[in-house]
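*Asks:* The whole structure should be built from the sequences, with the hints applied where relevant.
There are 6 protein chains.
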Amino acid sequence: MTTFVHPQAICETEKIGKETKIWAFAHILRNATIGKQCNICDHVFIENDVCIGDRVTVKCGVQLWDGLRVEDDVFIGPNATFCNDKHPRSKQYPKSFLQTVIRKGASIGAGAVILPGITIGMDAMIGAGAVITRDVPPYAKVVGNPGRITGYTNLSDSKPFVNTTTTEESERLRVNGAYFYKMPKIKDLRENLSAGEFGSQLPFKPKRYFLVFDVPSHKIRGEHAHKRCSQFLLCVKGSCRVLIDDGKNRQEMLLDKPEYGLEIKPLVWGIQYDYSSDAVLLVFASEHYDSADYIRDYNEFLELISEKE
Amino acid sequence: MTTFVHPQAICETEKIGKETKIWAFAHILRNATIGKQCNICDHVFIENDVCIGDRVTVKCGVQLWDGLRVEDDVFIGPNATFCNDKHPRSKQYPKSFLQTVIRKGASIGAGAVILPGITIGMDAMIGAGAVITRDVPPYAKVVGNPGRITGYTNLSDSKPFVNTTTTEESERLRVNGAYFYKMPKIKDLRENLSAGEFGSQLPFKPKRYFLVFDVPSHKIRGEHAHKRCSQFLLCVKGSCRVLIDDGKNRQEMLLDKPEYGLEIKPLVWGIQYDYSSDAVLLVFASEHYDSADYIRDYNEFLELISEKE
Amino acid sequence: MTTFVHPQAICETEKIGKETKIWAFAHILRNATIGKQCNICDHVFIENDVCIGDRVTVKCGVQLWDGLRVEDDVFIGPNATFCNDKHPRSKQYPKSFLQTVIRKGASIGAGAVILPGITIGMDAMIGAGAVITRDVPPYAKVVGNPGRITGYTNLSDSKPFVNTTTTEESERLRVNGAYFYKMPKIKDLRENLSAGEFGSQLPFKPKRYFLVFDVPSHKIRGEHAHKRCSQFLLCVKGSCRVLIDDGKNRQEMLLDKPEYGLEIKPLVWGIQYDYSSDAVLLVFASEHYDSADYIRDYNEFLELISEKE
Amino acid sequence: MTTFVHPQAICETEKIGKETKIWAFAHILRNATIGKQCNICDHVFIENDVCIGDRVTVKCGVQLWDGLRVEDDVFIGPNATFCNDKHPRSKQYPKSFLQTVIRKGASIGAGAVILPGITIGMDAMIGAGAVITRDVPPYAKVVGNPGRITGYTNLSDSKPFVNTTTTEESERLRVNGAYFYKMPKIKDLRENLSAGEFGSQLPFKPKRYFLVFDVPSHKIRGEHAHKRCSQFLLCVKGSCRVLIDDGKNRQEMLLDKPEYGLEIKPLVWGIQYDYSSDAVLLVFASEHYDSADYIRDYNEFLELISEKE
Amino acid sequence: MTTFVHPQAICETEKIGKETKIWAFAHILRNATIGKQCNICDHVFIENDVCIGDRVTVKCGVQLWDGLRVEDDVFIGPNATFCNDKHPRSKQYPKSFLQTVIRKGASIGAGAVILPGITIGMDAMIGAGAVITRDVPPYAKVVGNPGRITGYTNLSDSKPFVNTTTTEESERLRVNGAYFYKMPKIKDLRENLSAGEFGSQLPFKPKRYFLVFDVPSHKIRGEHAHKRCSQFLLCVKGSCRVLIDDGKNRQEMLLDKPEYGLEIKPLVWGIQYDYSSDAVLLVFASEHYDSADYIRDYNEFLELISEKE
Amino acid sequence: MTTFVHPQAICETEKIGKETKIWAFAHILRNATIGKQCNICDHVFIENDVCIGDRVTVKCGVQLWDGLRVEDDVFIGPNATFCNDKHPRSKQYPKSFLQTVIRKGASIGAGAVILPGITIGMDAMIGAGAVITRDVPPYAKVVGNPGRITGYTNLSDSKPFVNTTTTEESERLRVNGAYFYKMPKIKDLRENLSAGEFGSQLPFKPKRYFLVFDVPSHKIRGEHAHKRCSQFLLCVKGSCRVLIDDGKNRQEMLLDKPEYGLEIKPLVWGIQYDYSSDAVLLVFASEHYDSADYIRDYNEFLELISEKE
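Residue numbers (the working numbering), protein chains in the order written: chain A, 499 to 807; chain B, 499 to 807; chain C, 499 to 807; chain D, 499 to 807; chain E, 499 to 807; chain F, 499 to 807.
Everything labelled a hint here was simulated from the structure, so no lab data went into it. These figures come from a predicted structure and were not determined experimentally. Some hints could be false.
Same chains, same label: a pair holds when it works inside one copy or across any pair of copies.
[Said to hold, decoys possible] The list that follows gives simulated cross-link-like pairs (lysine-lysine, DSS-like), each with its CA atoms no further than 25 Å apart:
1. K755 / K680
2. K657 / K593
3. K593 / K639
4. K755 / K516
*Replies:* Here's what the structure looks like:
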């Protein structure tokens with residue numbers, strides 16, 4: 499099986515992988531690079547400084563401009579639109595075009611618009627009609643104009659974790675190294691009070707605490723794992739959602755009661771998002787602050803996980 | 499007059515009605531079906547499992563994917579974009595594609611994006627640039643991202659109904675089987691009070707009441723008619739808009755005062771929408787609850803109406 | 499046992515009942531009337547046009563001005579202060595002084611101030627330091643400046659009624675002729691919905707409904723009984739408190755859920771108060787409106803009750 | 499110098515200290531006890547079961563009822579009014595009257611009303627016209643109806659503590675055993691973040707945390723000292739005021755920033771009040787919960803302090 | 499007719515005017531001064547450094563302490579209470595007592611409490627039970643704890659001025675030198691706009707403007723007249739009430755629309771109060787700023803007015 | 499250099515300027531007019547009644563319908579979509595199509611949608627994915643669905659003007675004929691007050707004032723210059739942004755304090771926008787109202803400016 503080019507297509511490049519198909523009225527310029535088993539549909543236009551990986555689908559009506567980098571297994575929906583100049587004026591050309599990167603496995607919805615200079619993370623899912631104005635982290639689902647993260651893909655459970663503890667013992671989550679705690683809560687005539695004993699009711703004696711507050715609802719926090727440090731999260735006011743990921747399983751939970759605690763052990767990737775406007779997140783850490791303890795690159799995190807096994 | 503196919507078009511199907519025109523750079527696959535007197539403009543792409551009715555216009559830059567059903571007299575604006583997979587990933591194909599249906603007479607605005615599996619109701623008007631994420635009822639006008647209903651088309655009166663009763667008698671609306679009531683209201687120094695006598699001031703002795711509350715402002719309620727049951731609506735807090743339709747006349751009114759009552763007799767199609775955040779809708783029903791009494795399909799409703807005549 | 503007058507008191511009237519005591523430094527003018535078994539403490543001053551019933555206590559430092567009517571069994575705390583002129587100016591006298599009436603069994607707290615022309619209802623309890631600017635209904639407890647009703651006295655249960663129904667059957671209250679209903683409630687993805695079938699789930703087929711809304715939180719509503727009409731109350735938005743009274747038992751409940759219903763049969767005295775700012779009270783009545791069916795005077799209500807027995 | 503009794507006064511007791519004066523139209527019953535150097539002004543009435551300390555002033559128009567205990571150096575303003583029955587009804591006497599205690603040095607403002615069964619703490623200052631409905635802690639200043647604490651008297655500094663730390667070291671307060679910490683705060687474009695290391699940035703490794711939230715603005719919390727336990731307070735949302743007292747110095751500070759920490763060592767009396775409606779107070783405790791570790795009586799606290807020296 | 503002293507009263511002063519009456523159990527110390535035609539009721543106590551004018555009424559249970567100055571025609575209601583020490587402690591005496599002044603014609607309601615050092619303005623009306631914590635301007639009506647101004651007495655019209663202009667001409671108010679203007683207002687679909695031409699639509703060409711904003715709702719502004727300067731007031735946001743007074747007539751109006759203008763000519767006393775929280779008052783002045791042009795003392799204003807006549 | 503037409507393009511018109519290029523799969527109808535040095539990219543479709551100026555870029559996937567007027571130097575991004583019928587229905591044609599005009603130098607972002615009948619002003623910048631539902635003024639930057647102005651392009655300073663006056667003298671702005679004033683502001687314990695003397699502190703004696711209020715946040719006001727009239731702007735409540743333009747320099751400032759004044763002399767183009775919901779703009783004008791003094795067309799303004807030089 500070799501490359502197929504429709505007779506009505508114009509394919510000027512020779513750098514095309516095996517089993518890739520180019521359909522009618524598509525036009526590909528001379529220096530573009532396209533991997534194997536790709537599908538380039540009708541009315542697509544591809545400029546010169548474009549690299550496309552393997553098994554990529556580009557649906558009809560899409561243009562890929564100079565500066566685009568599309569990794570393997572990406573899906574680009576029909577009429578999805580890219581740019582490479584932030585403030586385009588006719589006949590005025592920037593010194594170099596902004597590079598847009600679509601990471602492995604990502605999906606760009608039909609009619610979505612991607613502003614220039616943006617990176618779409620691994621396996622991210624851009625909704626149809628979304629207008630993407632900032633970088634999209636791995637696995638994020640984004641919709642709207644401007645695009646907002648509404649959740650994450652590839653979760654092991656279809657629904658967020660729901661508290662089922664009836665005792666005061668902690669509850670092990672599906673994600674390795676994560677535990678849910680329901681702390682005692684006392685409500686009397688005067689006010690509410692929630693308390694926990696370190697080392698007995700809580701899983702460790704903390705060496706550090708920190709508070710997170712005033713987080714805009716569309717902001718994403720965390721996005722890292724620790725090498726040695728454990729954390730214990732309590733949303734003491736308002737609510738937020740937490741995504742945890744051990745490299746194999748991914749799970750989401752809502753911290754919306756001050757008595758809900760979440761323990762996150764080392765080598766668990768964590769993200770907090772969808773904060774309510776009044777949210778205050780209290781975190782206990784088992785270790786002193788050490789910038790070297792942070793893993794901030796998701797690919798590096800996956801490598802570390804696989805080394806451990 | 500027979501079918502016209504531009505020399506630069508690729509038309510692989512033979513199932514095309516009379517007087518239909520296919521323009522330059524359009525590409526139609528072998529098994530597509532297209533009715534008569536259609537206009538398929540430049541750069542359109544049509545897959546195999548697509549059925550298009552008569553007198554349909556498909557403007558430039560549109561793709562119609564497997565699973566699309568386009569009824570008669572539909573207008574599809576330029577660069578309007580469809581999908582047939584909710585979570586598309588490259589090289590991963592669902593067992594069957596979601597079917598999108600565009601009902602008779604509907605209009606899809608320029609650059610609109612229609613998510614997969616959606617039905618656009620009869621004569622609906624989708625605004626330019628709208629992103630449609632849920633079914634659109636007949637006659638609805640939708641704009642925005644995500645798309646929100648802002649009104650209805652084909653109304654018999656250009657403006658919403660305005661109360662003109664000066665007596666305490668009910669006022670017959672243009673829609674057959676719908677009556678407006680202005681219930682007595684007493685306002686004294688202390689508070690407001692509105693009251694009504696069943697069977698004398700109100701048109702029937704109810705067998706049931708229900709309350710609708712906490713409705714998000716973008717939700718649409720109702721969308722059905724009854725075979726035997728009459729209803730009496732009062733928006734006792736906040737406001738909502740009501741659309742009523744006897745199959746011939748369509749009319750809209752704003753329930754924004756607790757003393758405004760709306761009687762809806764059997765075989766009147768009713769929709770409530772645009773609830774204020776604090777709205778509480780009180781409904782009296784003349785019959786006990788009976789799921790068999792509901793007509794939920796608008797076409798079935800139209801048939802029932804015509805049988806009666 | 500006869501009247502006792504302390505040697506240091508000045509008692510100019512002779513219209514004093516048996517066993518009444520007048521203490522030191524009190525001063526009672528010539529035309530005042532005082533019943534039997536009263537206790538008039540030190541430093542009290544009583545003018546001429548004052549009538550005091552039997553078994554009344556007037557603590558130290560109180561003055562009773564022309565126009566005061568004090569019924570049997572009233573308690574007037576120390577330094578409680580009365581007036582008989584709304585806009586007093588020195589040497590300017592109104593044609594007649596405003597009459598203040600303290601009904602049987604009422605209690606005026608220490609240091610309370612009662613504005614002129616006010617009636618304090620039977621068994622009412624005026625808190626220490628309260629400033630009373632409007633009439634006080636029977637049994638009401640009032641505190642603050644200006645005085646606000648915070649509850650009612652003489653309740654049969656120390657706490658408000660609490661729902662204990664586990665079935666869908668109604669629950670009989672301690673007050674004769676009052677029943678609590680927990681209506682079915684359906685909560686789905688879209689909104690909340692509560693419904694009831696008249697005549698089966700509800701106790702009667704109503705002939706009338708009325709809505710009460712926009713009630714300031716300090717306003718008192720109801721304060722009447724019906725001769726023939728039954729009522730069914732639902733607080734469909736917000737909350738209010740309901741006091742019911744069969745002449746023997748008095749009970750209070752909080753209507754704070756749309757699915758809570760309260761049936762009030764004829765000859766039950768009812769009061770609603772403490773409305774939340776968004777409250778809407780829906781009432782079903784078993785009879786058409788008939789002003790002759792209302793009993794608005796509490797004493798008349800008590801007489802009617804006793805006749806029935 | 500011996501006791502002076504005005505000829506127009508009625509003084510039936512003989513238990514009066516030296517140099518005390520009783521003025522005109524005052525009336526003191528047989529079993530009352532009055533200390534030395536007191537001043538009992540015109541129109542005062544004192545019952546039998548009343549004990550008054552030394553150097554007490556009772557201004558005109560005041561009555562002291564059975565059950566009142568007035569310690570040394572108390573000032574009671576004119577027309578201030580006391581009670582000894584919560585729900586007084588004429589001719590209905592409780593088994594025993596509620597005892598009201600006015601601690602040493604307290605001042606009761608003119609026209610104030612004190613409800614029964616209340617203790618006014620040492621040196622407290624009750625404003626003119628205040629209506630006191632609950633116990634008043636030592637040194638508190640109270641005004642309004644109902645009375646609310648607006649501050650404290652006898653502070654070592656005339657103004658609240660103001661942060662002057664420029665380093666990250668803690669700042670020793672004037673009150674022994676209390677330290678102010680300014681925790682690191684990082685403010686970037688996205689949000690605010692404040693953090694602290696236990697045992698290094700913070701003074702101890704906590705064994706317990708608790709959260710205080712939903713506190714009505716008029717509530718007073720704390721009012722105790724610990725024997726062994728240290729506490730570290732952070733107001734992580736909103737604000738509250740903290741009063742600290744080592745038995746000699748008293749100081750107030752405003753916790754209105756999440757990065758402000760307050761360490762309170764054992765044997766420091768602490769009070770928190772004036773919570774904002776959204777306040778969440780986070781407290782770290784150095785010890786596990788032990789009810790025996792609490793000192794809840796201020797006099798006991800003072801004794802313990804003096805023993806230590 | 500000469501002075502009357504009740505046999506049970508103790509009157510140690512001889513400085514009492516003709517026709518004044520002193521009633522039972524009243525006690526007046528040796529250096530007090532009391533005018534003619536006064537009425538001093540039972541149980542009143544008057545110290546030495548007290549001056550009382552003519553035709554003053556002091557009702558029962560009142561004490562007048564050293565430092566009180568009571569002008570002619572004042573009414574003091576029963577149990578009204580005064581103070582002369584801001585932070586009273588037993589046996590601690592200030593060097594001099596704070597002076598409290600009650601101006602001519604003022605009325606102190608029953609049970610009111612007046613804090614020390616306060617002046618109550620001419621003809622002011624203090625409501626029953628009010629607690630007065632700051633000076634009260636002439637004619638003000640004050641109620642509550644703490645006392646707040648709710649209006650003014652002695653108005654020429656019983657109701658606030660209501661706009662009746664139908665033309666664009668200004669409307670002369672009952673107060674001499676005050677004119678109401680309704681400025682043109684244009685309201686279109688986009689926004690509101692109000693405008694005025696100086697010298698034609700407005701009465702003068704301004705030399706100065708000033709803006710008043712962020713005024714707490716309980717604050718009183720103005721309280722002065724001008725000798726030469728005219729003013730033109732527009733409340734361009736929110737609302738405030740304006741009291742105007744030409745020395746004979748007094749009138750109140752509500753400025754609650756940006757197109758309502760009020761011209762105040764020289765020698766008109768003006769007060770603005772009851773500002774809404776968002777109020778912005780725009781004032782045009784006919785003259786440059788000149789501190790000598792202000793008349794800030796109401797009595798001085800009255801004198802100037804009478805000189806003019 | 500002459501016109502280039504790609505062999506796979508269909509170019510039916512002959513009205514094409516020099517050096518213009520038409521690329522593959524583009525289709526241009528017979529009566530279209532295209533200027534010189536244009537670039538018409540792949541898959542573009544151009545109808546007959548279309549005029550395109552010089553140096554225009556039309557990126558891939560764009561259609562230009564009958565009625566479009568594109569002036570010189572315009573950039574139209576890929577898949578940008580136009581319409582010429584407000585309520586399109588298949589086979590129903592309006593008498594004439596709505597004309598859309600893209601003024602000189604404007605830029606239409608990728609995937610933007612422009613509703614019919616709209617004018618996009620000179621040098622305006624339409625963001626990628628924006629949906630334009632109303633006219634766009636010159637230089638405006640617009641994003642979102644529906645499109646909202648977020649700022650203006652071509653400003654002489656990259657940031658809004660910041661007040662640097664330390665004296666009370668006015669500060670000359672970069673835009674000719676515009677001056678910033680910081681009016682005196684007095685802030686005391688009670689309230690704020692800002693004032694100005696006309697003719698000394700302010701630059702002229704006004705003949706007129708007007709107030710602008712209740713402006714929806716997305717509305718644009720002003721958009722004109724005056725021939726003779728000077729204006730002085732104060733935002734006395736809330737805030738708004740002001741853009742000023744002397745034909746050469748353009749500058750933006752934020753009026754967010756009542757003491758900030760902006761003088762705009764004749765022949766300065768001014769725009770106010772981004773009003774806060776509570777904003778009240780007070781404007782003093784040096785001349786009486788004269789509709790002939792307004793220049794409302796920006797091109798006419800530019801001509802007048804150039805004549806002056």
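*Asks:* With reference to the structure, classify each hint as holding or not holding.
*Replies:* Each hint tested on the structure:
For the homomeric pair K755 and K680, the shortest alpha-carbon distance inside one copy (9 Å) is at most 25 Å, but the shortest distance between copies (28 Å) is not. Taking the shortest Cα distances, K657 and K593 sit within 25 Å of each other only across copies (24 Å), while inside one copy they are farther apart (47 Å). In this homomeric assembly, K593 and K639 come within 25 Å of each other (Cα to Cα) only across copies, at 23 Å, whereas the closest approach inside a single copy is 33 Å. With identical chains, the CA atoms of K755 and K516 are never at most 25 Å apart, being 55 Å at best within one copy and 63 Å at best between copies.
Hint 4 alone, counting from the list given before, is not met by this structure.
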